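*Asks:* Sequence:
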Amino acid sequence: MADPAADLEFESLTPTHWAAIGLAAVTAAVHLLLGLSFLPHWMGGAFLVATAGFLLGIWLVLADRRRRLVYLVGIPFTGAQIVLWYVVNEPTGIADVTVAGAVDKVAQTLLIVALVVLLARGEREP
Numbered sequence: 001m002a003d004p005a006a007d008l009e010f011e012s013l014t015p016t017h018w019a020a021i022g023l024a025a026v027t028a029a030v031h032l033l034l035g036l037s038f039l040p041h042w043m044g045g046a047f048l049v050a051t052a053g054f055l056l057g058i059w060l061v062l063a064d065r066r067r068r069l070v071y072l073v074g075i076p077f078t079g080a081q082i083v084l085w086y087v088v089n090e091p092t093g094i095a096d097v098t099v100a101g102a103v104d105k106v107a108q109t110l111l112i113v114a115l116v117v118l119l120a121r122g123e124r125e126p
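Per the numbering used here, numbering of the sequence shown is gapless, rising by one per residue and ending at 126.
Since the hints were made in silico from the structure, they are not lab data. None of the values given here were measured: they were computed from a predicted structure. All C-beta atoms in this analysis are idealised placements derived from N, C-alpha and C, irrespective of residue type, glycine included. Wrong hints could be hidden among the right ones.
[As the list claims (entries may be wrong)] Heads up, simulated SDA-like pairs for lysine to any residue below, C-alpha to C-alpha not over 25 Å straight-line:
| no. | residue 1 | residue 2 |
| --- | --- | --- |
| 1 | Lys-105 | Leu-55 |
| 2 | Lys-105 | Leu-32 |
| 3 | Lys-105 | Val-88 |
| 4 | Lys-105 | Leu-84 |
| 5 | Lys-105 | Trp-42 |
| 6 | Lys-105 | Val-117 |
| 7 | Lys-105 | Thr-51 |
| 8 | Lys-105 | Val-26 |
| 9 | Lys-105 | Trp-85 |
| 10 | Lys-105 | Pro-91 |
| 11 | Lys-105 | Met-43 |
| 12 | Lys-105 | Ala-95 |
| 13 | Lys-105 | Leu-72 |
| 14 | Lys-105 | Ala-46 |
| 15 | Lys-105 | Gly-53 |
| 16 | Lys-105 | Trp-59 |
| 17 | Lys-105 | Val-83 |
| 18 | Lys-105 | Gly-35 |
| 19 | Lys-105 | Ile-82 |
| 20 | Lys-105 | Glu-90 |
| 21 | Lys-105 | Gly-22 |
[As the list claims (entries may be wrong)] Distance ranges between label pairs, derived from CB positions:
| no. | residue 1 | residue 2 | range |
| --- | --- | --- | --- |
| 22 | His-41 | Trp-18 | 28 to 36 Å |
| 23 | Ala-120 | His-41 | 33 to 41 Å |
| 24 | Arg-66 | Pro-40 | 17 to 25 Å |
| 25 | Arg-65 | Val-116 | 17 to 25 Å |
| 26 | Trp-59 | Val-117 | 35 to 43 Å |
| 27 | Pro-40 | Ile-82 | 19 to 27 Å |
| 28 | Ala-80 | Gly-22 | 14 to 22 Å |
The whole structure should be built from the sequences, with the hints applied where relevant.
*Replies:* Pasting the structure below:
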C-alpha cells in the first residue's frame, strides 16, 4: 500500500507556508462545522464546497504542486469568502458577528496576507 505522506514535500516550506497552512486549516474547520450544521439547506453544501477548496489548497502546497498557482487562485477564493459572508450576513455592528465568524474572517484576512507574501516572494514554482 502506498504511503500518502511519501508524496508530501516539507523541506521547502517556510514559516510563511506553515502560517498559511494553519490559517487555511482554521477556515476549513469553521466551514466544515457550519456546513454540517446547515445541511440539508443549500448553504450547507456551499460551506462544504469551500471546505474542500481550502483542503485542496493545503494538499497542493504540501505536495508541492503548482504552488504559485495555488497562491494566485487562493487570494480571490479566500477574498470571495469574505465578500459572500458580508453579503449574506449584512452585519451592521460588532454584535452581528459570531465568534465563528470573527475567527473565520480574521483567519481568512491573514491567509490572504500570507498568500500575497508567498506570491511576492515567488516561492516554489516548479
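*Asks:* If a hint holds in the structure, say so; if it does not, say that too.
*Replies:* These are the hints, each one checked on the structure:
| no. | hint | in the structure |
| --- | --- | --- |
| 1 | Lys-105 with Leu-55 | holds, 17 Å |
| 2 | Lys-105 with Leu-32 | holds, 15 Å |
| 3 | Lys-105 with Val-88 | holds, 14 Å |
| 4 | Lys-105 with Leu-84 | holds, 11 Å |
| 5 | Lys-105 with Trp-42 | holds, 21 Å |
| 6 | Lys-105 with Val-117 | holds, 18 Å |
| 7 | Lys-105 with Thr-51 | holds, 14 Å |
| 8 | Lys-105 with Val-26 | holds, 10 Å |
| 9 | Lys-105 with Trp-85 | holds, 9 Å |
| 10 | Lys-105 with Pro-91 | holds, 13 Å |
| 11 | Lys-105 with Met-43 | holds, 17 Å |
| 12 | Lys-105 with Ala-95 | holds, 15 Å |
| 13 | Lys-105 with Leu-72 | holds, 19 Å |
| 14 | Lys-105 with Ala-46 | holds, 17 Å |
| 15 | Lys-105 with Gly-53 | holds, 16 Å |
| 16 | Lys-105 with Trp-59 | holds, 22 Å |
| 17 | Lys-105 with Val-83 | holds, 10 Å |
| 18 | Lys-105 with Gly-35 | holds, 16 Å |
| 19 | Lys-105 with Ile-82 | holds, 7 Å |
| 20 | Lys-105 with Glu-90 | holds, 14 Å |
| 21 | Lys-105 with Gly-22 | holds, 14 Å |
| 22 | His-41 with Trp-18: 28 to 36 Å | holds, 35 Å |
| 23 | Ala-120 with His-41: 33 to 41 Å | holds, 39 Å |
| 24 | Arg-66 with Pro-40: 17 to 25 Å | violated, 34 Å |
| 25 | Arg-65 with Val-116: 17 to 25 Å | holds, 20 Å |
| 26 | Trp-59 with Val-117: 35 to 43 Å | violated, 21 Å |
| 27 | Pro-40 with Ile-82: 19 to 27 Å | holds, 26 Å |
| 28 | Ala-80 with Gly-22: 14 to 22 Å | holds, 21 Å |
In terms of the numbered hints stated before, the structure departs from hints 24, 26, listed from lowest to highest.
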